[in-house]
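Mapping the sequence shown onto the working numbering, position 123 (from 1) lands on 136, and the numbers just tick up by one.
If you are wondering where the hints come from, they were derived from the structure by calculation, not from laboratory data. Keep in mind that a hint or two might mislead.
[What the hints assert, rightly or not] Quick list of simulated restraints, FRET-style, between CB atoms:
id, residue 1, residue 2, range
1, Thr54, Arg31, 27 to 35 Å
2, Asn55, Leu17, 36 to 44 Å
3, Leu107, Arg31, 34 to 42 Å
4, Lys116, Thr54, 32 to 40 Å
5, Gln19, Leu48, 38 to 46 Å
[As the list claims (entries may be wrong)] Below, computed lysine-lysine pairings styled on DSBU-like, alpha-carbon distance capped at 35 Å:
id, residue 1, residue 2
6, Lys40, Lys67
7, Lys116, Lys106
8, Lys40, Lys116
9, Lys67, Lys106
10, Lys40, Lys106
Every residue gets a Cβ at the ideal spot worked out from N, C-alpha and C, and that includes glycine.
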Amino acid sequence: MDELDQSEQSHAMALYYRRLVHSRYVKDTEEYNNLHHDAMTNPDLRKTKELSAKLRLADENLEGCRSIIGFETGTWVSNEHYEMVMAFAELIKLEVLTRIPEKEIRAQAEANWFLNDMDEKDYM
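Turn these sequences into a full structure, and let the hints steer you where they fit.
What follows is the structure, given as structure tokens:
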């Protein structure tokens, strides 16, 4: 880790943290929610290859947004970059929403936009 510059260290730590969160999620799901765990780990329980492809595309899109915008796991953003990141995220949101022709689906996407500010009290 010492041979990496600060940017590389930051990226490596963020990747480690994402993997750690994912690992804990999988282990806790296995322990506390067997039905959900089985659905995640058993390919026979996935409904279709099309769903799997859509999920993969969504993951790739999220990773692309993460790379472009600069947010970390759980959409965390450092204070020093917050304003810039939120402005850029708003531009992406507007671009995505204009491409959704169905009014109801567009409204749902806007209401549940993954980078909207969240009131942490609702989640604690």
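Hints the structure fails to honour: 1, 3 and 8
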